[in-house]
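Residue numbers (the UniProt record's numbering): 1 to 120.
Derived by calculation from the structure, the hints in this document are not laboratory data. All the pointers check out, no bait thrown in.
Between beta-carbon pairs, the in silico distance windows are:
1) R43 with H23: 30 to 36 Å
2) D12 with T54: 20 to 26 Å
3) V90 with E39: 18 to 24 Å
4) Y79 with Q6: 14 to 20 Å
5) Y79 with I22: 29 to 35 Å
6) N80 with N20: 33 to 39 Å
As a list, the in silico DSBU-like pairs of lysine-lysine whose alpha-carbon atoms are at most 30 Å apart:
7) K46 with K5
8) K5 with K86
9) K85 with K5
10) K5 with K76
11) K86 with K40
12) K40 with K85
13) K46 with K86
14) K76 with K86
15) K31 with K76
16) K46 with K76
17) K40 with K76
18) K5 with K40
19) K46 with K85
Yeah, the Cβ is synthetic: ideal placement off N, Cα and C, and Gly gets one too.
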Amino acid sequence: MTYPKQIHINIDVTNKCDRNCIHCASNSDLKNPIDISCEKVERLLKEIRRINSTVFLSLTGGGEPLMNEQLPDIVKMVYNFQGTKKFSLVTSGFLDNDIEKKRLKKRLKTPQIIKNSNSA
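Put together the whole structure using the sequences plus the hints.
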């Protein structure tokens, strides 16, 4: 019996975060921000298509994904990728406003919101 190839991928969308949670091990940085671009995500999806795999994809990060201005476009790309079986977004939710929340939830196959605070 053969099984389809499955890949589980976590994409760090950004290293920017303004929370400074005491339990967070990430090295979030507002001074030297690094955001993944739509172009890099597109290259990754092309590579996945080349190896013909089912994808379980999570947009996470060493920061708050909602701080990446390209996130709505990245979500759209990942959601529309035909190999995506399961797709989630891990966020603190603090930057989330109602309009953005509705836009993103329409595109998420498995919404996952983790609320954290910087208090003990």
